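A.B. asks: Build out the structure end to end from the sequences listed, making use of the hints.
Protein chains in written order, with the numbering used here: chain D, 1 to 376; chain V, 377 to 1022; chain E, 1023 to 1222.
Just so you know, these hints were derived from the structure itself, not from any lab. None of the values given here were measured: they were computed from a predicted structure. Hints may contain errors.
[Claimed, not checked] Quick partial rundown of chain V residues pointing at chain E, CB under 10 angstroms, derived from the structure:
no., residue
1, Arg396
2, Phe509
3, Ala576
4, Ala607
5, Phe652
6, Leu795
7, Val943
8, Gly945
[Stated by the list, open to error] Simulated pairs of lysine-lysine, DSS-like, Cα-Cα distance not exceeding 25 angstroms:
no., chain 1, residue 1, chain 2, residue 2
9, D, Lys237, D, Lys150
10, V, Lys556, D, Lys354
11, E, Lys1185, E, Lys1117
12, E, Lys1187, E, Lys1117
13, V, Lys393, E, Lys1187
14, E, Lys1117, V, Lys417
All C-beta atoms, glycine included, are put in the ideal place defined by N, C-alpha and C.
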Amino acid sequence: MARCMSLLASSRMLTRPRMSLAFTCPTQILTGIVPGKAAQQCLRWVSAAPMLVLAGCGDRQSALHAHGANARRILDLIWSFSAVAGATWLLVMLVLAAALLRRRLSETTRSPLEIDSHQERRFAQAVGSAMALTVLALVMMTTASFFAGKSIASLSGTETLAVRITGHQWWWEVRYPGDDRSQSIVTANEIHVPVGEPVEVELDSLDVIHSFWVPNLAGKRDLIPGRPSQLTLIADKPGTYRGQCAEFCGYQHAHMAITVIAESREAFEAWQSRQNAVASAPGGEEERRGQQAFLSTGCALCHTIRGTPASGTVGPDLTHLASRRALAADTLAMTPGALAAWIADPQSIKPGAKMPRIALSADDLNAVVTYLGSLE
Amino acid sequence: MSGIAGKPAEHTQEALKGIRDTGLEEVRLRTFLAPAWRTPKGLYGWLVTVDHKLIGRRYIVTAFLFLILAGLSALAMRFQLAQPEAGHIGPDLYNQLFTMHGTTMMFLFAVPVMEAFAIYLVPLMIGTRNVAFPRLNAFSYWVYLSGGLMIWIAFAFETGADAGWFSYVPLAGPEYGIGKRPDFWAQMVTYTEVSALAVAVEIIATVFKQRAPGMSLDRIPLYVWSVLVTAFVILFAMPAVMVSSTMLILDRLVGTKFFDPAAGGDALLWQHLFWFFGHPEVYIIFIPATGFVSAILPTFVRRPVFGYLGIVLSLIAIGFLSFGLWVHHMFATGLPQLGESFFTASSMMIAIPSGIQIFCWIATIWGGRPIFATPMLFVLGFIFTFVIGGLTGVMVASVPIDLQVHDTYFVVAHFHYVLVGGAVFPLLGAVYYWFPKITGRMLSERLGRWNFWLVFLGFNLTFFPMHILGLQGMPRRVYTYPPASGWGEMNLFISLSSLVVFAGFALFFLNLLLSLRNGRIAGDNPWGASTLEWATTSPPPSYDFSRLPVVTHREPLWAEPDVLPVVEGLRVDAREVLAGTVADAVPQVRVPSADNSIWPLLSAIAVGGAFFGSIYTPWAVVWGAIPVSIGFICWFWPKGEPEDEE
Amino acid sequence: MRHRPVADISHLPTYDFGSASPMWWGTLAFIALEATGFALAIGTYFYLAVLARHWPIGAPAPDLLPGTAVLAILVASVVPNHMIEFWARRQDLAKVRLGMVVMSIVGILPLIVRIWEFPALRISWDQNAYGSIVWFLLGLHTTHLLTDVGDTIVLTVLMFTQKGKAGRRFSDVSDNAFYWDFVVVSWVVLYLVIYWVPRM
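C.D. replies: Take a look at the structure:
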C-alpha cells in the first residue's frame, strides 16, 4: 500500500508540472544535465524571439524543420512567399513614409479643392504601375503555388506501404492492413514507417472531424466522418516526428498527438513482426494477477489485448502497449509511474477523456501496471 | 413612377396638408420641428424611440460592451497559455472562452458596431432626417440585444457555446454537441442575422431613396458607398448562415439528417454553407472600415481622396469577389485540385481591389498636407498592419502553404491583422473622428496618442509572434501545450504583450468617459471636414437638419464653407423626409417618416421568445407565431394620421 | 451655417407607386434576401442529390396531385393580383376592396391544400437527408405563404376601415401585389425541384 502511494506521488510529480516527457530535448536526456531553471530561462530570453525560428531541436514539431519531400516543398514556398510579402510590405511602407514626410513646397493655406491636375495624372500613372506590379506578383505566386501543389500531388501513387488511421476523441487508431486479417497490425498514437519510402496514410473518422498533421513531414489533411481521404508521407531521415490533431475536436483536442517514427527498413520490419504477434502471456505471479484484474474490472470492455479474452474496441488496442513511447495520445511518457497515475485517475490528467476512473485496490493497480508494462 | 403631372385629385389634396418650412425663420422652424421629431423623456422614451441617432448610439455602446466581454475572455485565455501545461483554466471553460470570444467578436461586436455607425452616420451624411424604416431599425437593435444577452447569460450558467465560432458538425451536432450549448449558439446567430438583415434593408432603401437633392451617384461620400456595398453583401451572405443554423437546430431538435453521413447527409455541407456566409462576413466588417479611412483621410490631409471612381469600383469588386472565396477555408478537407486552384486564384484576386484602395490612399497623402491628429494616427496604423494581414492572406490563399498553416497560430495572427489592423484600428479612428459630432465634445488628444501607441505597439507585439508560433507547429484552439514543444517563451511574451493592448483599450474607455464630461466643446465642424454631417450642430438635433440640404459638389462643405444650399416646402408639424430618384437624387415624394412606437420592442420580445423557446421545443415556433403576428400587426397598423406609418 | 434656399419641393406628393416609393425598395430587398435563402436551400438539395447513390433516398417520388393543385391555384392568382395592382394605381377603392377579398381567399386555398401536401412527400423529415431537405423546402415556402397571406388579410381589413381611404394605402396594396408575384414565382421553381427532379 505504502509502496503504491509513493509510486503515485512520484508519478504525480512527474506528470503534473510537465506532463509530457516524451518530447524533452533528447540531448537533455542523454547528458542528464538540466541547468537551473532560472539560468535556463535567462539563456532562452537572451536567444530572443527571432532566433527561435532558426534554433530548436531537430525533432521538434515544426513546419520550419522539414524532413520530408511534402513538407520541404511547402517550406520552400513559404520562404519565397515570405520574401515577396516582406519586400512588398517594405516598399509600401517606404512610399507611405515618403508621402508623409516629403517636403511641402509652400505653407500657404489654400483651398483643399485646389487640385494640381498634373499631379493627379502622375498619381494615376503611379497607382496604375503599382497595380500592374501587384498583378504580376500575384500571377507568379499563384503559378508557384500551383506547381508546388502538383509536385506534392505527384507523390501519391508511388507508395510502398499503407497505414490506416481512424480519428477518435481523443486518440488515433493505427492499422497496417496485412494481406490477410491475421497479418494486420493494430496500434495507437504511433506510426512506424520505413525511412525514405512514400507511405500512404488513409484517413477516416468515426466521431467528429479531426485533422492529421505532422508538420515536419507534410501538410495536414482532415479526417471527416463519411468522407475517407488520404495523404502521402515521406520521412527523409530516421527520427521521431511529432504530430497533433489540427481541427478542434472537443475537450481534449490539445492532447491528441501522434508520433511518427521513421526507421530503417530492417528495423521497421522487425517492429512489424513484433507487433504481429499476440500479447505475451503473463510471466509471473504479479503479472498474472494484473491480467486477472484487467479482465475482471471492466478494462476489457473497452480495450483489446490480442491473445486474451479482452476485445473491447472503444479504446486503444493494448496488445503491445509497453512498446509505445507515450500514453494517452502523447499526454504522458510511457513510464510505470505515469501508467499507474493514468489508470488511477485519467480524468485529472486528461479531463473529459472517455476513459473512466476505475476503482482498483492499490495492489491490483500495481499488478495491472506491471502486467501492462510487460506487453512489449 | 407616376409623375407629378396628371396626379389624381386626392393626391393634390394630401399634398397641400400641413405647415411648411417655406419662409419660416430658423427659430420658428425649430419650435415646430422639435416637438414633431421629439423622443419622450425617461424610460418610456428610451423604449419607444425610433431616432436613428439614439438607436445608433445605443448600438455602438452595446457593441463596445460586448467588445469588453470578448476582450476579457481573450485575456483569460492568454493567462492560461502563458505557460505550458498551466492549470488555471480547464478544457471545458477554455473551449467556451475561445468560442465566446470569436462568436462575440464576429457576431456581437464587429458586424453590429459597423452597422451602428452606419445607422448613426448615413442619414446625416446624405442629408436626411432618419433611415427609411425607423421602426425596423429599433426592432433590429432589440433583437440584437436579446441575442447577445441570451448567449452570455447561457455562458454564465455554464451553457456557453464551446464548438468554435464556426461550430463545425458533428462536433456541434446532435450526437457530440454538449447539452444545449450549440443550440444557444445557433439561435444567437439567428437573432443577429435577423437584425443585420433588417439594417441592410433599411440602409439600401435609405441610400437609394433618401439622399439630399443633387447627391447623384458620383457625389455619394465614400463611406456611404462602403456601407451600401456592405449592405448588399449582408443581403446575400447572411441568408446562408440562417439556412445552415436552422438546419443545425433542426438536426438537434427534431432529428432531421442534414449533416448525418449515415443517413445521406454530409458534414462538409455545413462548412460550405457556413463559409459561404463566413467569408463575406470578414468583408462585411472590413468594407465599412475602409469607408472610415476614406472619410477620415481627406480631412487630415486637406484634400479630396485621390481616385474616387477607382475606390468605388474597388468596393463593388470586393463585394462581388467576397462570394468566391469560401472554399479557401476548406483546403485541408481534400477537395479536387482543380477546384482548389480556382479558389486560390480568386482569393489572390481580391488583393487587387484592396491594393487599389491602399495605393489611392497613399497618393492622397502624397498630394495633401498631413495633420497627425489621433484619427489620422489610427489610419496610418491601419495601413501599417493591414498590409501585413493582406500579404499573409495571399500566403494562406496558396493551397500548399495553407495545408501547413491552416488551424495554427499563423492563421490566428493573419485574421487578427486583418480584423484588428484592418477594421478595429479604423474603427477607433472613427470614434475619435465622430465623437465630437455624436457628443458635442472633443476626445482628449493627449490620451488619444497614448491610446494609439499602446494599442498599436501592443497589438503588433502580441500578434506578430503568432505567425512564428504557427509555423513552429502550434495549433489553434488548444487549451495547453507540452513544455518540450518550445512554444513556452513566445507564449509568455505574447501574454505579456496582450497586457499592453489591454492597457491601451483601458485608456480608450477612460478617455471616452472623461471627455464625455470634460471634453472641449466641439462646435459644428471641429476638423474642418467636407461632408454633410458637419453642417449641422454637434450633437445634431432630433430632426438632424432644420432644412434639408441640397448637394452641388462631392465635397459640399469645402465647395461652399459658409452657406448651405437647402430645399423648402417640407412639412414641419409632422415627420416628413424627402425621397428622390436612385441615380440622380431628383426629389420625387415627400415621405412621412414613422413616429415613436413601443411595438418594435414588443415584437422583438415576441420574436426573441419564440427563438428562445425553440431551443427547447419545436412547438415554441408554432405558439410563438401568435404574439409575433400580434406584434407586427400593431406595429404596422396606422394610428391617427396616415403620416404615422412606415 | 447659414441656409440658402435653392429649390421648392412643396408640390411633391406624399406617396407614389413602384420604384418611387422607399417601401418598394424595401420590399425588393426582402425579396432578394428571401430568394437567396431559397437558392441556398435548393443548392443544398442538389448537393445532397449529387452525393447520394440513389435519389430520392429510400422513398418513391412524391405524389404529384396536391403540389400541382397548389401550383394551379397560385398561377391562376396572378390574374386577380395584377388586376388589383392596376386598380390600386387608379386608386379605385371599391374594386381594390373586392380584389383584396378575392386575394385573401386565393391565399388561404393553397394553405389548405398544403395540409395534404406534406404527407404526399411520402417520406418523413427524420428518415434521411432527402426527407429533411424536401420538408425544409416545403416548410420554407409555407412560412413564406403564411406571412404574405397574413399581410394580405390585415391589409384587406384595413381597406374596409376609414384608414383605407388614405392614398398611401393604395401604394401598400401595390407593394403587396408585387410581393405576391414573388411568392408565385418561387413556388414554380420549388415545385419543379420537389416534384420533377426525383422523376428525372
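A.B. asks: Compare the structure with each hint and give your call.
C.D. replies: Comparing the hints with the structure gives:
| no. | hint | result |
| --- | --- | --- |
| 1 | Arg396 | 6 angstroms, holds |
| 2 | Phe509 | 6 angstroms, holds |
| 3 | Ala576 | 7 angstroms, holds |
| 4 | Ala607 | 8 angstroms, holds |
| 5 | Phe652 | 7 angstroms, holds |
| 6 | Leu795 | 25 angstroms, violated |
| 7 | Val943 | 5 angstroms, holds |
| 8 | Gly945 | 3 angstroms, holds |
| 9 | D:Lys237 - D:Lys150 | 24 angstroms, holds |
| 10 | V:Lys556 - D:Lys354 | 20 angstroms, holds |
| 11 | E:Lys1185 - E:Lys1117 | 16 angstroms, holds |
| 12 | E:Lys1187 - E:Lys1117 | 13 angstroms, holds |
| 13 | V:Lys393 - E:Lys1187 | 16 angstroms, holds |
| 14 | E:Lys1117 - V:Lys417 | 45 angstroms, violated |
Hints 6, 14, counting from the list given before, are not met by this structure.
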